[in-house]
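**Student:** Each chain, letter by letter, is given below.
2 protein chains.
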Amino acid sequence: MNDVKTAAKPDSAYDKLIERVKQRHLLGSTASLLSWDRETMLPAGGAEQRSKQTAQLARLIHEMTVDPRVGELLVECEADRELLADPISAAAVNMRETRRDYDRATKLPAELVEESARVASIATGQWAEARQANDFKRFLPWLEQNLTLARRRAECYGYPDGGELWDALAEGFEQKMTAAGIEKIFAPLRDALVDLVNRIGDAPRRPRDVFDAIDVDQDAKRDLARQVTEAIGFDYHCGRLDTSAHPFSSTIHPTDVRITTRYREGNALEPLSAAMHEAGHGIYGQNLPIEHEYTPMGEAVSLAVHESQSRMWENQVGRSRAFWRWCLPVLRQCYGSAADGLTVDDVFGGTNVVRPSLIRVEADEVTYNLHIMVRFELERALMNGGLGAADLPGAWNEKYRQYLGVEVPDDARGCMQDVHWSHGAIGYFPTYTLGNLYAAQFFRTAEADLPDLQRMIEAGQFASLKTWLVQNIHRHGMRYRSGELCEHVTRRPLTAEPLLAYLEGKLSPLYGL
Amino acid sequence: MNDVKTAAKPDSAYDKLIERVKQRHLLGSTASLLSWDRETMLPAGGAEQRSKQTAQLARLIHEMTVDPRVGELLVECEADRELLADPISAAAVNMRETRRDYDRATKLPAELVEESARVASIATGQWAEARQANDFKRFLPWLEQNLTLARRRAECYGYPDGGELWDALAEGFEQKMTAAGIEKIFAPLRDALVDLVNRIGDAPRRPRDVFDAIDVDQDAKRDLARQVTEAIGFDYHCGRLDTSAHPFSSTIHPTDVRITTRYREGNALEPLSAAMHEAGHGIYGQNLPIEHEYTPMGEAVSLAVHESQSRMWENQVGRSRAFWRWCLPVLRQCYGSAADGLTVDDVFGGTNVVRPSLIRVEADEVTYNLHIMVRFELERALMNGGLGAADLPGAWNEKYRQYLGVEVPDDARGCMQDVHWSHGAIGYFPTYTLGNLYAAQFFRTAEADLPDLQRMIEAGQFASLKTWLVQNIHRHGMRYRSGELCEHVTRRPLTAEPLLAYLEGKLSPLYGL
Chain A
1 MNDVKTAAKP DSAYDKLIER VKQRHLLGST ASLLSWDRET MLPAGGAEQR
51 SKQTAQLARL IHEMTVDPRV GELLVECEAD RELLADPISA AAVNMRETRR
101 DYDRATKLPA ELVEESARVA SIATGQWAEA RQANDFKRFL PWLEQNLTLA
151 RRRAECYGYP DGGELWDALA EGFEQKMTAA GIEKIFAPLR DALVDLVNRI
201 GDAPRRPRDV FDAIDVDQDA KRDLARQVTE AIGFDYHCGR LDTSAHPFSS
251 TIHPTDVRIT TRYREGNALE PLSAAMHEAG HGIYGQNLPI EHEYTPMGEA
301 VSLAVHESQS RMWENQVGRS RAFWRWCLPV LRQCYGSAAD GLTVDDVFGG
351 TNVVRPSLIR VEADEVTYNL HIMVRFELER ALMNGGLGAA DLPGAWNEKY
401 RQYLGVEVPD DARGCMQDVH WSHGAIGYFP TYTLGNLYAA QFFRTAEADL
451 PDLQRMIEAG QFASLKTWLV QNIHRHGMRY RSGELCEHVT RRPLTAEPLL
501 AYLEGKLSPL YGL
Chain B
1 MNDVKTAAKP DSAYDKLIER VKQRHLLGST ASLLSWDRET MLPAGGAEQR
51 SKQTAQLARL IHEMTVDPRV GELLVECEAD RELLADPISA AAVNMRETRR
101 DYDRATKLPA ELVEESARVA SIATGQWAEA RQANDFKRFL PWLEQNLTLA
151 RRRAECYGYP DGGELWDALA EGFEQKMTAA GIEKIFAPLR DALVDLVNRI
201 GDAPRRPRDV FDAIDVDQDA KRDLARQVTE AIGFDYHCGR LDTSAHPFSS
251 TIHPTDVRIT TRYREGNALE PLSAAMHEAG HGIYGQNLPI EHEYTPMGEA
301 VSLAVHESQS RMWENQVGRS RAFWRWCLPV LRQCYGSAAD GLTVDDVFGG
351 TNVVRPSLIR VEADEVTYNL HIMVRFELER ALMNGGLGAA DLPGAWNEKY
401 RQYLGVEVPD DARGCMQDVH WSHGAIGYFP TYTLGNLYAA QFFRTAEADL
451 PDLQRMIEAG QFASLKTWLV QNIHRHGMRY RSGELCEHVT RRPLTAEPLL
501 AYLEGKLSPL YGL
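From first to last, the protein sequence lines stand for chains A and B. Note that the first sequence covers residues 1 to 513 in my numbering. Note that the second sequence covers residues 1 to 513 in my numbering.
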């Protein structure tokens, strides 16, 4: 591949196309800043004004995306064989992705886009109130409207033969993801995880929740989160760590990546775990190929691959014994006497407490994936018509009983707990578990490539793993789609086996299974 | 005036015009957020990317401003007598200001706009390095280029008969401001201030710099700044207080106004003074007429009137004995034992130390205006050709000797101290002193209208003054130009007399003059 050569025709159709793509991405980076600011800095009174600013940029960006001139330039470029000769050249990747964006954006009639946004906005407000009041009936008509509109969008997008409506929407979150493909990977994972959770429930011993007993103030928690994220490779010259109600990361540009965590009373682990998670996203964002800034070639592969980066630092690293051998002294230094008497066994155990629970975002590394499977199966059935929206609570509760062995006491802590369906996002949830699967499979390859990895982690030397991730994943931008990247890096298609082996290997000795 | 009636023709030319104006202002509010973020939050590495985001929005906003369709709609609207019947109706004001913006923006050829921006950008970098190295010769060619371009812009803008080039540029910062008009107001002020400074120099007694001896940490300073700004009426539901290298305020929207201060070692007054100053700007921004959001009618009158709001809270209020009667206990509560033994006389005196100095931004309330006059006189001469750029240092140093009685030891602390000329901003400086003059004249009227004002300030009751400002100034938006507003509110044209009387009245007893 020779990116420079293929892109170096001044005033070619390709140059003109890319100039438009760059302008769109640049404006998108400003929209990202508006979103980040809304979650971290915006005074409460400014929310309505912010929604106007955001809507204006969304409109301008949409206009840039569907501009007929983009369609014409694409046709011109696609007639140029040389440009497409190497399918993983920057030019070919940029055209592939710009074509995809253009086609998806132009397939939806403006009326449907607006109606979906309008209903989603009301439905999200109604959902928040219905959840507060634990009143599913109140949310039901809005869920039904969201589903009707989602089906209409799916029909506009279309899907390949043998597919289903769900696929057409999921494609918007993860390219080439289909319900059938997900089910094939999830089925063995589900059975093995249910079995693992059951064995852990009957285990002869279990670690203590040592972090619940640590009482330190927010400054100490922030100090630890900052030190550890810096140590693992998040670059504060090109990034920030702030506070938000729900932790998130925002890659405005590789030189401006912002992450957040949160500090809740009586929870001395969450600020660190969440910060490591978001720093994993952030390190990916900071190491995207800056020479391809503002083009698809300079963007992250997909939500699932992004999630693999966050999960690897949070889990494969942050919940390992090796990590805590290094981190316990750092924690002691930040937490002072509140950490007195803690051993490596204590903190390693405390980060690996597995316990079936009701709430996805608070779930542990094992049961988290079962929460996702419930949602995937139910939203698939909702889209296919196999499940009516009115029957969602019953179906939800049954699956929680079956997979997690827990009784759901109310819909607020049941099928209304997540925001996603309230704004009509169908097909998003599986990307979380795909992220866990990619993380395990990538990490296994990293361990094979870096035989000293565990020893380096023990010594607080994270640079080798980071460099491995940069070289194998980050620097490629969107060169490969997620499945291709996985085969390129691990020499295997994605399977559930590495995640299961990783969990068994860590938890069996800990729980005496 | 009846704003609703004149604006209520759906799909009229006026509605179409205003819709465009609103879109432009809305995008401008996003540009304001980018600027605020750059000064407060942006990671160092993100500076280059930020300049691209900012340049893109500037280009989009410029395109919206000079769109020929705006020109056509303006002509259509201006033919509608009903719209213009009442010159202070929202419609008439919006048309007047939109016409002005359109004419000024279209008078400059795109080439000149770009060349000015390009040279200013390099010149500002060169200025920073030249100042660092105390090397005026290095800055000189860039200053000369800036002046040449400024003259070209001034020629494009033009000016009325009897005016001069400087006026054409100053009009961009303060409508109807002319060098001759400024000189008429400044001349008596200059003589009186030089005399006052001399008398203070020979005064039988002088207050101590008590704040220099107070050693407290940043949290204590922030706490005091926050409490006082909240007390005087800055609304934290629609605002924030942050830290930046140079304090500033940013009205993104009346519901989102952000102010900053700074915390330097060994300076326990500056964080409060700067915060009160910026809160004065902020209170103005928060109380602009929100029903006219995104239109000129909903904007501040001018830089000078804006500065009058900041200066009034910083000086007329914040450096008064009445204020310190209320504020000393608040300061004690924030500063703890570091404030032991301080009396009201001490802190009132400490905020009124007058001492000729070299640096404008650190100058006291009296000498500040002399710094401004030096700059006004010199930039006027530079524009008219009476002074060559190479002769600037000598002329500068001579005026400092003459007006302030100080010897300028080097150009870094002399004619290179300010950023303004490095980016070609000619005509800006006088707005600072105009702000001081408006502040004094407005405050005198407020005192006449609110006979209890000093007693309310002593009691920490600032609501009456704030309401007076909202009713007399803020709620009018751009209804009146600054001169008209002054006559409307104070029933007199602007003169130097109220400022001089205020300074004499406060300082004579303090210094025993």
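Simulated from the structure, these hints should not be mistaken for laboratory data. The structure presented is a predicted model; accordingly, all values stated were derived computationally and were not measured. You may find that some hints are simply not true.
Which copy? The list can't say, so a pair holds if one copy fits it or any two copies do.
[Unchecked claim] Only pairs whose alpha carbons sit at most 25 Å apart, straight line, appear in this in silico BS3-like list of lysine-lysine: (1) Lys22 x Lys52; (2) Lys16 x Lys107; (3) Lys52 x Lys16; (4) Lys184 x Lys107; (5) Lys176 x Lys466; (6) Lys107 x Lys399; (7) Lys399 x Lys184; (8) Lys137 x Lys399.
**Student:** Decide, hint by hint, whether the structure agrees.
**Tutor:** Right, here's what the structure says about each hint:
no.	hint	in the structure
1	Lys22 x Lys52	both (24 Å within a copy, 11 Å between copies)
2	Lys16 x Lys107	within (23 Å within a copy, 30 Å between copies)
3	Lys52 x Lys16	between (30 Å within a copy, 18 Å between copies)
4	Lys184 x Lys107	neither (29 Å within a copy, 66 Å between copies)
5	Lys176 x Lys466	neither (28 Å within a copy, 60 Å between copies)
6	Lys107 x Lys399	neither (35 Å within a copy, 69 Å between copies)
7	Lys399 x Lys184	within (19 Å within a copy, 83 Å between copies)
8	Lys137 x Lys399	within (20 Å within a copy, 78 Å between copies)
When held up to the earlier numbered hints, the structure conflicts with 4, 5, 6 and fits the remainder.
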